[in-house]
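Novice: The opening position of the sequence shown corresponds to residue 50 in the working numbering, with each subsequent residue numbered one higher.
Heads up, a few of these hints could be off.
Quick list of simulated restraints, FRET-style, between CB atoms [said to hold, decoys possible]:
hint : residue 1 : residue 2 : range
1    : Glu54     : Pro103    : 14 to 24 angstroms
2    : Ser118    : Thr96     : 11 to 21 angstroms
3    : Thr91     : Pro66     : 16 to 26 angstroms
4    : Gly73     : Ile97     : 25 to 35 angstroms
5    : Thr85     : Glu112    : 16 to 26 angstroms
6    : Gln111    : Ile81     : 10 to 20 angstroms
Calculated from the structure, these hints are not laboratory results.
Here a beta-carbon is modelled for each residue, glycine too, at the ideal position from N, C-alpha and C.
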Amino acid sequence: MNSEEEAMLELARIWAPYGGARPGDILVEFGISPATFYARITRILRTIAIRNMPLAERHLIQENAARYSVSPVSV
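Construct the complete structure from the given sequences, taking the supplied hints into account.
Specialist: As structure tokens, then:
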């Protein structure tokens, strides 16, 4: 995990109990949309680098990320 990924994960961890990081904070801190932020968080959570993170905390972050996941538009 690089330093930006560590910072992203830390922001996600801090805000996890409150429904996730605020879109404005994500934009100011990383210059990306919440959807992009949480897509990256989801990828980070799939790595071995988070093996020491408590499972409950990981699940809470995953729940927040799921709210921003892009689903295909049905026509």
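Novice: Now tell me if each hint is right for this structure.
Specialist: Verification of the supplied hints:
Our hint of 14 to 24 angstroms for Glu54 and Pro103 holds, since their Cβ atoms are close to 19 angstroms apart. About 18 angstroms separates the C-beta atoms of Ser118 and Thr96, a value consistent with the hinted range of 11 to 21 angstroms. At about 18 angstroms, the CB distance of Thr91 to Pro66 agrees with the hint of 16 to 26 angstroms. About 32 angstroms separates the C-beta atoms of Gly73 and Ile97, a value consistent with the hinted range of 25 to 35 angstroms.
Here the CB-CB span from Thr85 to Glu112 is close to 18 angstroms, well matched to the stated 16 to 26 angstroms. Taking 10 to 20 angstroms as the suggested C-beta distance range, the pair Gln111 and Ile81 conforms, at roughly 19 angstroms.
Hint compliance for this structure: no hint is broken.
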